[in-house]
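**Student:** Here the protein sequences line up with chains A and B, keeping their order. Numbered per my numbering, the first sequence spans residues 1 to 284. Numbered per my numbering, the second sequence spans residues 1001 to 1316.
There could be a bad hint or two in this list.
[As the list claims (entries may be wrong)] Take a look, some chain A residues computed to stay more than 10 Å from chain B by CB distance:
no.	residue
1	I72
2	I130
3	E159
4	K169
5	Q170
6	S222
7	S225
8	M274
[What the hints assert, rightly or not] Over 10 Å on every C-beta distance to chain B, these chain A residues come out as not near it, computed from the model:
no.	residue
9	A24
10	T48
11	Q49
12	I71
13	A76
14	S98
15	S118
16	G122
17	L131
18	S137
19	R162
20	F166
21	D221
22	T244
[What the hints assert, rightly or not] Quick list of in silico lysine to any residue cross-link-like pairs, SDA-like style, CA-CA up to 20 Å:
no.	chain 1	residue 1	chain 2	residue 2
23	A	K6	B	M1211
24	A	K185	A	F97
25	A	K5	B	E1210
26	A	K2	B	E1210
27	A	K169	A	E181
Derived from the structure by calculation, the hints contain no laboratory data. By construction, the Cβ of each residue, glycine as well, lies at the ideal position given by its N, Cα and C atoms.
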Amino acid sequence: MKRMKKIEETFFVLLMVASFAALAVGLFSITVTVFMKGLPSLSWQVLTQTPRGGYVMGKEGGILNAILGSIIIGLAATVLSLLYSLPIVFYINIYRFSKSKFSRSVRFFLDLLWGIPSIVYGAFGFAIMILFKLPASMLAGIITLSFLVLPIMARTMDETLRMIPFEMKQAAYSLGATRFEISTKIILKQALPGLLTATLLAFGRGIGDAASVLMTASYTDSLPSSPFAPVATLPLAVFFQLSTPFKEIQERGYAAAFVLTIMMLLVSLAARWMSKGLSKYVVR
Amino acid sequence: MDEGFSGKLKKRRLLNRGARIVSRFMSLTVFSVFALIFIMLFWEAFPLFLKKSLSDILLSTAWMPHSSDYGLYRFIIGSLYTTALALVIAVPLSVLTAIFLSEYLPRKIAMYTKMVFDVLSGVSPVVYGFWGILVIVPLVRGHIQPFCAKHLPWSFFTSTNMSGFSVLSGSIVLALMASPLIVSISEEVLRAVPFEMRQASMALGATRWEMIKKVLIKKAAPGIIAAVILSLSRTIGETMAVLMVAGCHIQETPFSIFDPGYPLPALIANTFGETMSIPLYKSAIFLAAFVLLILTALSNLVGWSILVRIEEEKAS
């Protein structure tokens, strides 16, 4: 009886270690694959030139169009969504109590939006394009992407604002500050690391997303020029270039995957560092 | 009181009120964003309902856009199949990992592990697809499929599709994408089980595993289920990775795990470009998106309401 118990426990602990190892190996293997395939395909030419002769046929050139496109679209969508989420999170945490029914339902709807897959946002953007007779363009991509990152940014910011001690607000109220002044002069400073983290996380998600921009921003070989022209993005550069049978182009896809992964890892690490390192001026 | 002060106060009040009105309006629009998405997709999908019955769309396998047959059955099955198989792989792995992290590792190490998982899993879905093409597809084609053909001679494990681009490959990639979320939520839920409960059960002579099996898992079950449901909604909507590795081309409804699968998101991503000229075709694609919206919203609704209830229970 006792021995059976012992055997059972050992068996399950081994199973746990094995599952843990399987996940860890799987996740590391992604990064390792990206580095092993991407580093050899990386060159100055790949980073600084646009593809020549079409992304499916042209064997020369690089992915500059996609790098620039991703950064522009990602930044613009992040800024748009920042302008939208800041008032919302301040309203539900400062003008209303964080735990009020209204705040809770806003939160709930943001969670619901967070769960909508990117391809559905893509279809939504596509429907907007049909409605306004907009062609596949940078603008459509930016609008769609800002909808996609909105819940991520707003909910992450909301979590930091909720953590701010109530006493801090009380102290400011007692000195006669209005809610607006509290928001801009006290909470903004106190929550700055968290707000920046949220912005960076949203930016990272924005540049990594493919399905929504596939449907709205399309793809092009030339550098981003006008908001009404299609624009290339890194995830789609990976996707399209991997699907060709030519080795040279596939290698450009590997390079794109490498650049994309490095960008996303850097953004993600920076976001984490911000939430810790930048908290020097935060009152605790 | 001098004029300057009250003037200033007026200005400050005005600013405060302005900010309140603007931010209140913007918060209210959050409610309408979801409704807007819902209505837009439904509006675009609506023409199809006028022409076809619901069962013609959802339960028919005939997909021939050029002779206006828009049976989504095969794609819905494709979605459910890859998602189910992905969860079959991901759930035991993630739950066991979560138990290991919360019960057998010190809190600090568990936290760092979760963070590393988080960072590593934060890469683009396209990169998961890239990894799937380079690692998982060859693995399935070269090792798993021949192995199954040799030792497991049931039709579930055999297929004429030898490319490796299959339901199984898609599910493995999806499983890896879903796992970090399940691990992260489950670990938190497990850690939230009161320490006294563990003590009580172990004081009665239970071994650590018995305590986990009989107390911890039961107590944490709702949270773990919520985690699984939330990751289900991520998995079912995942597009690019599946599109790249599941071998999406129109064939029979997949039966074997080595058959190519063609889930709904992949259908949308693959075909939206060619739909503009045929109005009903366009509607069918929007219907696919609408179905996805409903599926994910429902699972999110269930998942979040379980988690919210747990939190409220904890607070009270």
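**Student:** If a hint holds in the structure, say so; if it doesn't, say that too.
**Tutor:** Verification of the hints:
At roughly 17 Å from the closest C-beta of chain B, the C-beta of I72/A stays outside 10 Å, upholding its exclusion from the interface. A cut-off of 10 Å between C-beta atoms contradicts the statement that I130/A is not in contact with chain B; the least separation is 7 Å. In this structure E159/A is separated from chain B by more than 10 Å, as the shortest Cβ-Cβ distance comes to about 13 Å. No beta-carbon of chain B comes within 10 Å of the beta-carbon of K169/A; the shortest separation is about 14 Å.
Q170/A, annotated as away from the interface, keeps every beta carbon of chain B farther than 10 Å; the closest lies near 17 Å. With a cut of 10 Å on Cβ distances, S222/A stays outside the contact zone with chain B, its closest approach being about 19 Å. Every CB of chain B lies more than 10 Å from the CB of S225/A, the least distance being 22 Å, so the non-interface label holds. Look at M274/A: its CB is around 14 Å from the nearest CB on chain B, clear of 10 Å, so calling it non-interface holds up.
Listed as outside the interface, A24/A is inconsistent with that label: its C-beta sits roughly 8 Å from the nearest C-beta of chain B, within the 10 Å cut-off. The Cβ of T48/A lies farther than 10 Å from every Cβ of chain B, with a closest approach of about 22 Å, so its non-interface assignment holds. Against the 10 Å criterion, Q49/A stays outside the reach of chain B, whose nearest CB is about 21 Å from its own CB. Every CB of chain B is more than 10 Å from the CB of I71/A (nearest about 14 Å), matching its label as outside the interface.
With 10 Å as the threshold on Cβ separation, the claim that A76/A sits away from chain B holds: the shortest Cβ distance comes to roughly 18 Å. Annotated as non-interface, S98/A keeps its C-beta farther than 10 Å from every C-beta of chain B; the closest such distance is 13 Å. With 10 Å as the threshold on Cβ separation, the claim that S118/A sits away from chain B is violated: the shortest Cβ distance comes to roughly 7 Å. Residue-level check failed: G122/A sits 7 Å from the nearest beta carbon of chain B, not beyond 10 Å.
With a least CB separation of 8 Å from chain B, L131/A falls inside the 10 Å interface cut-off, contrary to its annotation. Even its closest Cβ contact with chain B, about 15 Å, leaves S137/A beyond 10 Å, as expected for a residue assigned away from the interface. At roughly 12 Å, the least C-beta separation between R162/A and chain B is larger than 10 Å, which holds for a residue marked as non-interface. No beta-carbon of chain B comes within 10 Å of the beta-carbon of F166/A; the shortest separation is about 16 Å.
Against the 10 Å criterion, D221/A stays outside the reach of chain B, whose nearest CB is about 17 Å from its own CB. Distance to chain B confirms T244/A as a non-interface residue, since its nearest Cβ pair spans about 12 Å, more than 10 Å. Taken as a hint, the K6/A and M1211/B pair is honoured in the structure, with Cα atoms around 13 Å apart against an allowance of 20 Å. A distance of roughly 19 Å separates the Cα atoms of K185/A and F97/A; the hinted pair therefore holds under the 20 Å criterion.
Distance hint between K5/A and E1210/B is fulfilled; the C-alpha atoms sit about 8 Å from each other, no more than 20 Å. Taken as a hint, the K2/A and E1210/B pair is honoured in the structure, with Cα atoms around 12 Å apart against an allowance of 20 Å. Restraint check: the Cα-Cα separation between K169/A and E181/A comes to about 11 Å, which is no more than 20 Å; the hinted pair holds.
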